[in-house]
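Participant: Residues per chain are reported as follows:
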Amino acid sequence: MHINVTREIMGSGPARAGFTILLVMIAMALLAPLIAPFDPHDQSTAALLAPSMNHWLGTNHVGQDIWSRLVFGARTSLLVGFGVGVLATLLGTIFGVSAALIGGIYERIVMRLVDAFVVIPMVIVIILVAAYVKPTILVLIVLLALLNWQSGARIIWAQALSQKERKYVAAARSFGAGKFYIAWRHIVPALGPILLVDFIYGIRRAVFMEAGLAFLGITDPARVSWGMMMRDALSFSYLNVWQWWLLPTGIALSLTIVGLTFVGYGVEPIIDPRLRGVEVA
Amino acid sequence: MMFSRRNIITYIIALAFILALNFLLPRMMPGDPLMAIYGEEALVAMTPQLKADLVERFALDQPLWRQFGAYILELCQGRLGYSYYYKAPVLSIVLGRLPWTMLLVGTALVLSTILGIVLGIESGWRRGLWTDRAMLAGLMSLNGFPDFFLGMVLLIVFGVTWGVFPLAGALTPYSGLTGWAAVLDAIKHLVLPVAALTLAHLSTNYLLTRNTMITVLKEPYMLTARAKGLSQGALKYRHAGRNSLLPVVTQTGIWTGRVVTGALLVELVFAYPGVGYLTYEAMMARDYPIIQGLFLVVAVVVLAVNFLVELFYTTLDPRIRGVNRAY
Numbered sequence: 001m002h003i004n005v006t007r008e009i010m011g012s013g014p015a016r017a018g019f020t021i022l023l024v025m026i027a028m029a030l031l032a033p034l035i036a037p038f039d040p041h042d043q044s045t046a047a048l049l050a051p052s053m054n055h056w057l058g059t060n061h062v063g064q065d066i067w068s069r070l071v072f073g074a075r076t077s078l079l080v081g082f083g084v085g086v087l088a089t090l091l092g093t094i095f096g097v098s099a100a101l102i103g104g105i106y107e108r109i110v111m112r113l114v115d116a117f118v119v120i121p122m123v124i125v126i127i128l129v130a131a132y133v134k135p136t137i138l139v140l141i142v143l144l145a146l147l148n149w150q151s152g153a154r155i156i157w158a159q160a161l162s163q164k165e166r167k168y169v170a171a172a173r174s175f176g177a178g179k180f181y182i183a184w185r186h187i188v189p190a191l192g193p194i195l196l197v198d199f200i201y202g203i204r205r206a207v208f209m210e211a212g213l214a215f216l217g218i219t220d221p222a223r224v225s226w227g228m229m230m231r232d233a234l235s236f237s238y239l240n241v242w243q244w245w246l247l248p249t250g251i252a253l254s255l256t257i258v259g260l261t262f263v264g265y266g267v268e269p270i271i272d273p274r275l276r277g278v279e280v281a
Numbered sequence: 001m002m003f004s005r006r007n008i009i010t011y012i013i014a015l016a017f018i019l020a021l022n023f024l025l026p027r028m029m030p031g032d033p034l035m036a037i038y039g040e041e042a043l044v045a046m047t048p049q050l051k052a053d054l055v056e057r058f059a060l061d062q063p064l065w066r067q068f069g070a071y072i073l074e075l076c077q078g079r080l081g082y083s084y085y086y087k088a089p090v091l092s093i094v095l096g097r098l099p100w101t102m103l104l105v106g107t108a109l110v111l112s113t114i115l116g117i118v119l120g121i122e123s124g125w126r127r128g129l130w131t132d133r134a135m136l137a138g139l140m141s142l143n144g145f146p147d148f149f150l151g152m153v154l155l156i157v158f159g160v161t162w163g164v165f166p167l168a169g170a171l172t173p174y175s176g177l178t179g180w181a182a183v184l185d186a187i188k189h190l191v192l193p194v195a196a197l198t199l200a201h202l203s204t205n206y207l208l209t210r211n212t213m214i215t216v217l218k219e220p221y222m223l224t225a226r227a228k229g230l231s232q233g234a235l236k237y238r239h240a241g242r243n244s245l246l247p248v249v250t251q252t253g254i255w256t257g258r259v260v261t262g263a264l265l266v267e268l269v270f271a272y273p274g275v276g277y278l279t280y281e282a283m284m285a286r287d288y289p290i291i292q293g294l295f296l297v298v299a300v301v302v303l304a305v306n307f308l309v310e311l312f313y314t315t316l317d318p319r320i321r322g323v324n325r326a327y
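Residue numbers (this note's numbering), protein chains in the order written: chain G, 1 to 281; chain H, 1 to 327.
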């Protein structure tokens, strides 16, 4: 599978736009302390102030600067997103590739479990767990990753199976290469673009879920998060504060997800070449 | 009926996982398992006699496998526990709320499926033209808007600012409406939450249909149909459209789970009295029996829908029989 991923992304307009959005969000998250004029937890000003030169987006119900919270909220979303993306792709690769290479009973057990987990509604599971274990951000990342690698593992498994039959693998094997060596040096690099798509969609699902769970109020209340800010804003929907409280937060969240969708869409023809309109073997 | 054994085993594993999680989680918590099953406040309200009864019923003084037996026995009798917060059996509370969620999710599923398919067919038919590009960009952006955010925006615009639709609930309280007036009232309350869910989940079906449509349009039988001089409508819907439906049907199962999850959050926005709002209330009140019961009922309903959909599409498309699931 020799595809130039950079060209693939940069070749499509939506993907370029998505990439730009993501870069802005990442910059916002990394430079948060420099961009935010206030501490996101500082309650020293009056509550529910309208936007002003001092407080660009006004203040919330306990007098915290909304703009500063918005900036710091990007950290939570992206941290959870990337954390889950990396972990879930890693798990998907380990199980997908090992199932394809080892085969036999092991493959059947792994793939059966994967199938079973794909049909279980994950958010409900997280809600139940969260009722008992108040999740810190680390627990949340691990939990989301554990529940999110299965659909990726399926695709990786199918691709690894087809790679396994290629001549170069047979060649490597004839030189005495072990299973682990073949997996690591040949199969995984060949799966690169698919892992990238899996990674991007993993991030997107995680950002979505983190926001939803925070909106439900079951994430760590000490961490600023967009979902939590929207939940706070909901209680004041009868005032006009939603214009600078709810809207910017919701738009920041939506933009992040749209950015990821667009990048994913740009990379997707790699998995499904039919979408490109050209037949690729 | 060639429904494969493999699929049945998959669902048995999924169900076993759900039951095991629901059983193990409260019992593995440090401290009194009864407290983890019933919640702190309930425990304070209980008499020692009742406590002893419950310990016996759940076999909490016995080894784990016996406890599991007792747990399954309780479930088989339809006893999901008792909520001390609502002062009622969990099953009746959850079942009382379930119809509202089913109404909400069902309406949204039907609407977004139909709209998604029609838009997908039209968009795929015009592949590359500006209408297709506009639809693609618009719906993919819409895809990024979380359903609860869409719900909040709709609530503020149509509910708070314009006052066209009611702000919360499923019926106007104490209105004393009956017959058609009551139905109309329920519909009015349903419009905004359904719109939020439909808009947020429309793009999944749209993208799937559009993608398949593009492939289907290249098939030789499309050329034949065109050569026969069929009208555009017949070509688009009867020939290409119908053959683009399959991926949508195969995805419905997984997708239903997602819409149900979405409904949990949208219900919270509109204080819609379904299982989602109940989940929220129970989380706030730390009402463990309700949370466990909800988890079980919602998970089992989603599994059942998935199962039925798979059953349905294996009969619908003989090509799938005996073959692994798509991708």
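Quick caveat, the hints were computed from the structure, so don't treat them as lab data.
Think of the CB as a built atom: it goes at the ideal place given N, C-alpha and C, for glycine as much as any other residue.
There could be a bad hint or two in this list.
Said to hold, decoys possible - In silico DSBU-like cross-links for lysine-lysine, where the CA-CA straight-line distance does not exceed 30 Å:
1) K218(H) <-> K228(H)
2) K87(H) <-> K134(G)
3) K167(G) <-> K179(G)
4) K236(H) <-> K134(G)
5) K179(G) <-> K164(G)
6) K236(H) <-> K218(H)
To be verified - Looking from chain G toward chain H, a few residues come up when the C-beta cut is under 8 Å (computed):
7) S98
8) V110
9) R112
10) V118
11) V125
12) F180
13) Y181
14) A211
15) S235
16) S254
17) I257
Participant: Are the hints correct? Go through all of them and say.
Facilitator: How the hints compare with the structure:
A distance of roughly 16 Å separates the Cα atoms of K218(H) and K228(H); the hinted pair therefore holds under the 30 Å criterion. Restraint check for K87(H) and K134(G): satisfied, since their Cα atoms lie roughly 26 Å apart, inside the 30 Å limit. Taking the CA atoms of K167(G) and K179(G), the gap is near 15 Å; set against the 30 Å cutoff, the hint holds. Pair hint K236(H) plus K134(G) does not hold up; C-alpha atoms about 52 Å apart against a cutoff of 30 Å.
The straight-line distance between the Cα atoms of K179(G) and K164(G) is roughly 10 Å, inside the 30 Å bound, and the hint therefore holds. The hinted pair formed by K236(H) and K218(H) meets the criterion: a straight-line CA distance of about 13 Å does not exceed 30 Å. Restraint check, S98(G) versus chain H: the minimum CB separation of about 19 Å is more than 8 Å; hint violated. Evaluation of the V110(G) hint against chain H yields a violated restraint, the C-beta minimum of about 12 Å exceeding 8 Å.
For R112(G), the suggested interface contact is upheld, since its CB lies about 6 Å from the closest CB of chain H, less than 8 Å. Annotation: interface hint on V118(G) holds; nearest CB of chain H at approximately 7 Å, less than 8 Å. Because the smallest distance between the Cβ of V125(G) and any Cβ of chain H comes to about 7 Å, under 8 Å, the interface hint for this residue holds. For F180(G), the interface hint is violated, since its Cβ never comes within 8 Å of a Cβ in chain H; the closest pair sits about 27 Å apart.
The closest approach between the C-beta of Y181(G) and any C-beta of chain H is roughly 28 Å, which is over the 8 Å cut-off, so the hint fails. For the restraint placing A211(G) at the interface with chain H, the shortest Cβ-Cβ distance is roughly 6 Å, inside the 8 Å limit, so the hint holds. Contact between S235(G) and chain H, as hinted, is not supported at the beta carbon level, the nearest pair being about 11 Å apart and thus beyond 8 Å. Hint status for S254(G) relative to chain H: holds, with the closest Cβ pair at about 5 Å, below 8 Å.
At about 4 Å, the closest approach between the beta carbon of I257(G) and any beta carbon in chain H falls short of 8 Å, and the interface hint on this residue holds.
Violated hints, listed in ascending order, are 4, 7, 8, 12, 13 and 15; each of the other numbered hints is respected by the structure.
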